[in-house]
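Enquirer: The residues making up each chain are set out below.
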Amino acid sequence: MNIDIVNENISFDVYKLRKEFPLLDQQINGCPLVYFDNAATNQKPLSVINSIREYYETINSNVHRGIHTLSERATEAYENSREKVREFISASGSNEIIFVRGTTEAVNLAASTYGMQFINEGDEIIVSAMEHHSNLVPWQNLTSRKKALLKFIPITDNGELVMDEFKSMLNEKVKFISVVYVSNTLGTINPVKEIISAAHSYNIPVFIDAAQASPHIKIDVKELDCDFLAFSGHKTYGPTGIGILYAKEKYLDLMPPYQFGGEMIKNVSYEHTEYNNLPFKFEAGTPNISGAVSLASAIDFINEKGLLNIARHESDLLKYAENRMNEIEGMNIIGNAKNKTGVISFIINGIHPYDTGSILDNLGIAVRTGFHCTQPLIEQRYNLPGTVRISFAVYNTVEEIDRFIDGLHKVKKMLS
Amino acid sequence: MNIDIVNENISFDVYKLRKEFPLLDQQINGCPLVYFDNAATNQKPLSVINSIREYYETINSNVHRGIHTLSERATEAYENSREKVREFISASGSNEIIFVRGTTEAVNLAASTYGMQFINEGDEIIVSAMEHHSNLVPWQNLTSRKKALLKFIPITDNGELVMDEFKSMLNEKVKFISVVYVSNTLGTINPVKEIISAAHSYNIPVFIDAAQASPHIKIDVKELDCDFLAFSGHKTYGPTGIGILYAKEKYLDLMPPYQFGGEMIKNVSYEHTEYNNLPFKFEAGTPNISGAVSLASAIDFINEKGLLNIARHESDLLKYAENRMNEIEGMNIIGNAKNKTGVISFIINGIHPYDTGSILDNLGIAVRTGFHCTQPLIEQRYNLPGTVRISFAVYNTVEEIDRFIDGLHKVKKMLS
Amino acid sequence: MSESNIKNTEKEIIDEFELFNDWIGKYEYIIELGKKLPLIDENLKNENYEVKGCQSKVWINADYKDGYLFFKADSDALITKGIISLLIRVLSGNKPDEILNADMNFINEIGLKEHLSPNRANGLNAMISKMKNFAMVYSNQNVN
Amino acid sequence: MSESNIKNTEKEIIDEFELFNDWIGKYEYIIELGKKLPLIDENLKNENYEVKGCQSKVWINADYKDGYLFFKADSDALITKGIISLLIRVLSGNKPDEILNADMNFINEIGLKEHLSPNRANGLNAMISKMKNFAMVYSNQNVN
Ligand SMILES: Cc1ncc(COP(=O)(O)O)c(C=O)c1O
Ligand SMILES: Cc1ncc(COP(=O)(O)O)c(C=O)c1O
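Chains as they are written, first to last, in my numbering: chain A, 1 to 416; chain B, 417 to 832; chain C, 833 to 976; chain D, 977 to 1120.
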């Protein structure tokens, strides 16, 4: 395989770019680290790490309520970040951007407010058969409390949604749909625009779990016309503990608050509370200020590299890796959608994923093994004990894939 | 006033210690910053800021589910932090320590799980008249949904709870009590141990809002015998976006999960989910890993300086400041409890808090003005348009208080 | 034409503020102005005339006379009063449409903006919105 | 006395592992051991015998004979089998009380701990707990 050919489309120098990621430059078990667990969380460029430090060294202060200069500066940085997120996903107003802990909290917020208010006995909610637990269990809980029904869009063996089936599931009883944009286990990029437009012909609101989309695909909530969307900072080259819930203003206005306390109020007496305007109504208590502020730096990083360049680079890595993996006897790649991001789940005949992962780790190669928080998909749909998953980020290289392939050969040698 | 006398009891050198806080060393509006807004959030020592950097530069990875080395290291750091928190508040088991976003989320978690499950129509919940909105509005909401009653422990003009009145409020209808340990507006240290033991004679569980206690007072949940307790990292020399809910295991076991998703599950199928053990049952989704990890550094910082030393230093500052403030004509200090931390709310006759705060800010002095998230206390109990509040941390000095007093004289000159 | 009226007053204020070379002078002047604010009737100090989003209480009312709007206001904080008094000096006595079109740029130019960033500016913006809302009401009246 | 039995076996294993100077040798040996694991009856591979908290499926059973406990187990992962087989070699054939008292320190000493930290160690600890639970049951039986 000729590396130059693989790299010819890349408009940035990945070897130079890697220097922006201090964590990558280390030995694990005596070997240089190969970090292929990016779908779990990706690594942070120095600009993001520095922005956290800068926040705490210069403007740290509580937001919104203070009139002193530091509080003004912290508030400005926090609100600028909201505006940056708005732009990043092309939302119309920054009052439609709610800061949350992560995608999981965003789904729970929607289920506990919109769901608890508007889902009734006998209603149906649709998710797909490839949801992450975070976009499955909240709806399981809601439907079981409401005596509503949870239905699953089936998937093909290749890991694609069966769209005809989906359309035939639509009817007046369906009151909400929540679907993953990009599967964290299969890499499948789902046709969410088509789902949304089909749903809207029945006036059904759609929630998009974009946790695996934000670092790879340009999200455009206006073009998608989705009603809700969520992603996590820590999967988007940003910090842990911060994420985004986007929702159309009309839904946010209808929804009761999720948490109660400081910031989300306009007027409080012992007897009664009047809630604040959007977006503050949904941000009770001191938020993760430094998290929000440094998420803006992560978005700057992505914008600077260009999402298209990042996607092209990862797609090259995907093709290269799949080709080389298919050379290995007994290799089964789980998830072969036509449209996928740089995520490869696999299992080698006769070798348990845990064994594969353990040996790769000893070679300094970080992969994920198990259910990847999609246990029903792995166990019930694919009838597997788990898979090994590799997933790429902007800083991964073909040489790392080569080391991974060498590692797989060692795994086979040791375990068969 | 002789500075040496004020400082004679301090076993650390505050001028040296200030060097550990990079943010303090800056000019605001042309004057050296005086940061007196510590009750809103305090500043972070370098050790904490560095621990965040170190986390992202060396071990950043998603926790719990990974078998590769980085994930192991991140998990170990995260769990070590839980253990450090357990020790910090003398809890019996680290499975009683739940990581949350902050105090506000902790109160909401308790109200939405324990409260929703166990509070019924006609029941009573008791809070005090000096609660922060975060420990008031969740209970307002819960009692209004449940058609239960919210009752308030009255306070004296000095800002102390009327304990006789409290005891007379206890009866079989009272099903929960939530009380602030230290008032963020008045500085009052409440007799929570007495409250808890009185409540327990009626088998009423007690929640302690320790947001303003954690940076100043040794919290000992075993000695207090409280059933729930919460504090925020960002008020404890730690990062934003992380906080702690402590609860006795027996209550955590009874409570349903709060959020649903990854991590909090043991076993998931399309149809049904089995929840995880404590503490994970209450930690859905990727947590604020870096926040938790650097909270451990904040606790190390506090332990190293010694909470007793910190408290003594702040108490010296309090006495010095109150004495000097009382020299000013028209000065009204709101909150004169016998037992208080370094918090002083005040209002100068005829001068609006907003005017005072604005002018002090122009002199580089950061104070808070307004309701301090205790609007009913300020408006209904004290009938004031707001107060100015100063609040101390370990790094404040008598010279800063002198500058503040000079600032007040300028305020009076300009505004009368 | 009274659009230049607004611009002229803004220019006047900018010139006055140039005389001060520190914030203290500016604040003292604003506080002086605050004391001369045309006050709203006490019985109008209610919800309808209140401006939300300020740390201090603010009430504003407008009288419409012969095609011109005249503002009165009050606040419990002096600096706030001074700032409203500047706003009133610029906007009062003009036609609704002119008021609607005013860009209020003088606020940046007198060097108050830096002392009036987001949280406080929210209050400032809320006051300007309230005044423009009155203008909107009477501007529509004109059209009908 | 068979407490030293346990300690002796631990010592044996430590000595064996000292022969390997890299993790590959150790893993290869563990995998070999895994292949020789005394297997649990297929019909016992159910919830009651399953060990929770491992990424791979693990089942463990114990037979009690004349005061001694004998373990059998299985797992769908080979490395896991190897590790259980070490545990069984150390604990099997001993009295319940001795099993309860075993500190299993050899795991640290054979240099596997660093390759078996928290998440994986959780699985390891779960296996040891399961075995000690059996010992607890039969230890009580003795007393009664
Ligand atoms: C598709 C998908 N949805 C939701 C989540 C949950 O995100 P978080 O753990 O950041 O809340 C993840 C990541 O774990 C994911 O991959
Ligand atoms: C007494 C008290 N309770 C609760 C809170 C809420 O804490 P947080 O905003 O960190 O959630 C605060 C701080 O704002 C407080 O001072």
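Mixed in with the good hints there might be a few duds.
Calculated pairs, DSSO-like style, for lysine-lysine (alpha carbon to alpha carbon, straight line, at most 27 angstroms) [said to hold, decoys possible]: (1) A:K84 - A:K193; (2) A:K412 - D:K1012; (3) D:K1012 - D:K1108; (4) B:K567 - B:K682; (5) C:K889 - C:K877; (6) C:K964 - A:K266; (7) B:K664 - D:K1028; (8) B:K682 - A:K151; (9) D:K1002 - A:K410; (10) B:K829 - C:K964; (11) B:K583 - B:K562.
Here are the simulated distance ranges between beta carbons [stated by the list, open to error]: (12) D:D1039 - A:E329: 54 to 60 angstroms; (13) D:N1109 - A:L384: 27 to 33 angstroms; (14) A:N80 - B:Q442: 16 to 22 angstroms; (15) B:E687 - A:T156: 19 to 25 angstroms; (16) D:N1084 - B:D429: 40 to 46 angstroms; (17) A:K410 - B:D429: 54 to 60 angstroms; (18) D:K1012 - A:K218: 51 to 57 angstroms; (19) A:N309 - C:N880: 37 to 43 angstroms; (20) A:S47 - D:L1015: 53 to 59 angstroms.
To be clear, the hints were calculated from the coordinates, so they are not data collected in a lab. All residues carry an ideal CB built from backbone N, CA and C; glycine is no exception.
Enquirer: So, for every hint listed, does it hold in this structure?
Expert: Do the hints match the structure? See the list:
1. A:K84 - A:K193: 23 angstroms, holds
2. A:K412 - D:K1012: 19 angstroms, holds
3. D:K1012 - D:K1108: 22 angstroms, holds
4. B:K567 - B:K682: Not OK: K567 of chain B and K682 of chain B at ~39 angstroms, beyond 27 angstroms, violated.
5. C:K889 - C:K877: Judged against 27 angstroms, a Cα distance of about 10 angstroms means the pair holds.
6. C:K964 - A:K266: 23 angstroms, holds
7. B:K664 - D:K1028: 24 angstroms, holds
8. B:K682 - A:K151: Given that 27 angstroms is the threshold and the Cα spacing comes to 22 angstroms, the pair holds.
9. D:K1002 - A:K410: 14 angstroms, holds
10. B:K829 - C:K964: Roughly 35 angstroms between the alpha carbons, so the hint for K829 of chain B and K964 of chain C is violated.
11. B:K583 - B:K562: OK: K583 of chain B and K562 of chain B at ~24 angstroms, within 27 angstroms.
12. D:D1039 - A:E329: 54 to 60 angstroms: 40 angstroms, violated
13. D:N1109 - A:L384: 27 to 33 angstroms: Once the Cβ atoms are compared, 30 angstroms apart, the range 27 to 33 angstroms for L384 of chain A and N1109 of chain D holds.
14. A:N80 - B:Q442: 16 to 22 angstroms: 20 angstroms, holds
15. B:E687 - A:T156: 19 to 25 angstroms: 22 angstroms, holds
16. D:N1084 - B:D429: 40 to 46 angstroms: Because 42 angstroms falls inside the window, the suggested range holds.
17. A:K410 - B:D429: 54 to 60 angstroms: The hinted range 54 to 60 angstroms holds for K410 of chain A and D429 of chain B, with Cβ atoms some 57 angstroms apart.
18. D:K1012 - A:K218: 51 to 57 angstroms: At 55 angstroms between Cβs, range holds.
19. A:N309 - C:N880: 37 to 43 angstroms: 55 angstroms, violated
20. A:S47 - D:L1015: 53 to 59 angstroms: For S47 of chain A and L1015 of chain D the Cβ distance comes to about 55 angstroms; the hint holds.
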